[in-house]
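Engineer: Read off the chains here:
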Amino acid sequence: MRLVAGASADGSATDNILAKPRLRLEHVTINYGRSRPAVDDVSLSIGAGEFVALLGPSGCGKSTLLNVFAGFRSPDRGRVLLDEQPHLGPSARCGIVFQKHALFPWMSVIENVAFGPRRLGLDRPLERAHALLDLVGLKDVAHAWPSSLSGGMQQRVGIARALATRPPVLLMDEPFGALDAQTRSLMQEELLAIWDKLKPTVVFVTHDIEEALFLAGRVIVMESLPGRVAREISIPFPRPRAHAIMDQPAFIEHRREIADVIRIEARKAFR
Amino acid sequence: MNRRDHRLDRIRQAALTIGLGAAGLAIFLAIWTLASLKLDNDVLLPPPADVLTTYGELIADGSLAGDVKASIVRVFAGFFAAASLAVPLALVLAYSRILRALVMPLIALIRPIPPIAWIPLAILWMGLGDPPSYFITAIAAFFPIFINAFAGGTSLVEEHVNAARSLGASPLALLTTVMLPSALPSIATGLRIGLGQAWMAVVTAELVAAQSGLGYMIQISRLSLETSRVLVGMTVIGLLGALMIGSLGVLERRVIVPWHYPR
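Read top to bottom, the protein sequences are chains X and D.
Under our numbering, read the first sequence as residues 201 to 471, first letter to last.
Under our numbering, read the second sequence as residues 11 to 273, first letter to last.
Please note: incorrect hints may appear among the correct ones.
[As the list claims (entries may be wrong)] Label pairs and their calculated CB-CB ranges:
1. R277(X) <-> S257(D): 19 to 27 angstroms
2. D340(X) <-> G31(D): 38 to 46 angstroms
3. T383(X) <-> R20(D): 27 to 35 angstroms
Hints in this document: simulated from the structure, not taken from any laboratory.
Ideal Cβ positions, reconstructed from N, Cα and C, are used throughout, including at glycine.
Let the hints inform the model, and build the full structure from the sequences given.
Structural biologist: This is the structure in structure tokens:
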């Protein structure tokens, strides 16, 4: 079953950075009524099927940018383009995974996942939902209440729900930030496996350098006050990746380079 | 501990809880009996046994059933009227800042007025009989339902709204599939409190403004110094009130907001 359109057809496991742009920001500025804008004149292009991490200290505007991608917030200046068309509000073409509290507690797990297909009037929503739950390895808890699941299981349901409408774009706002280290590392591998199968365009917000390096094909490091792109780094590690790459000298070198940039930024925001 | 032991343990716990409750009740009845023997005055305090006999008489001649029915009808008429006004109004106010600013000060001023203070107006406007009692029970039930439903309406989680919008929910779907369920736990609490308030208010209303019902029966029995009838009226109110609020609690856990009480 092909779940996502627009994925690279050859199924190759390398990152396709030269693909046509899926998401673009053109000179996006966002003020929160403060003297310095939260996001200042940011332009970005993210290709179809790319896995991009937005990395930075808190307050650098990375979550704000994700909200702009999602259409929850429109920029004060500049444009957001989805497939080269203006992207003007939330739509089922961008699935979102939140940090926490995002599952509907009044719906069973399966109804949460079937929510998007039902809203869009897709046929056989429950069948789709079961397929997605199977994909994240949770078909046994289909009829449980979300509150009875562990944090990691809840996030897997969140991923299944976000993918159930076959969105070409998956936006993730620190989705593993509230999980313990062991669960987080398992979730990272599982996310890569899912991405490998469905190849959505992923924008992944995190403040965890190793997480960004392990997952993404490109890391965009943000600086704060005002929020700008400090550096873009292509991550060349071949896929599929396992956590063992974290011990490679190249990984450690990238980590040090990004940590230096972030430390300067964090100090700026700290003052 | 295996599953069977676990169940046995739960049954033991439940038996203990029920047993203690029954013991508390028995102690209370014993003290009541002793006090009435000591007083030896059936107008001041008849013993429980006399009250039980009076129960028998009033059930036999059908008058208790008539009074119970009259009171229950009034409670539910007022309760449903209050709920069908309070819930939509509270939700609309929770989502509209302008309407909230317009209506909230008025509600803050009316809310402290006890239902009993409305009785003169209710009688003037509607005469004696059922309508003023409906009005009083509705007033009593309205505010707890409104306050809780409003709290429910404002307790919306931003992630839920954003998730629903990003999954293609229309504004109407947002209302029915996200906003309403978000508010339901608080609405259910409000309904339970509102029903209790309506029960208290119906007696107040019937003491003054009606010619039937448990409150009226208490009132005329007091005038004829038939204290055991007064006590029948009081205990029936207690039993029925506890039964209804308990049933609403079960309905809440099983049907209205089962996700709040996962088993």
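Engineer: Now tell me if each hint is right for this structure.
Structural biologist: So, going through the hints one by one against the coordinates:
1. R277(X) <-> S257(D): 19 to 27 angstroms: violated, 59 angstroms
2. D340(X) <-> G31(D): 38 to 46 angstroms: At 39 angstroms between Cβs, range holds.
3. T383(X) <-> R20(D): 27 to 35 angstroms: Hint holds: Cβ distance 31 angstroms, inside 27 to 35 angstroms.
Going through the hint list in order, the structure does not satisfy hint 1, though it satisfies all others.
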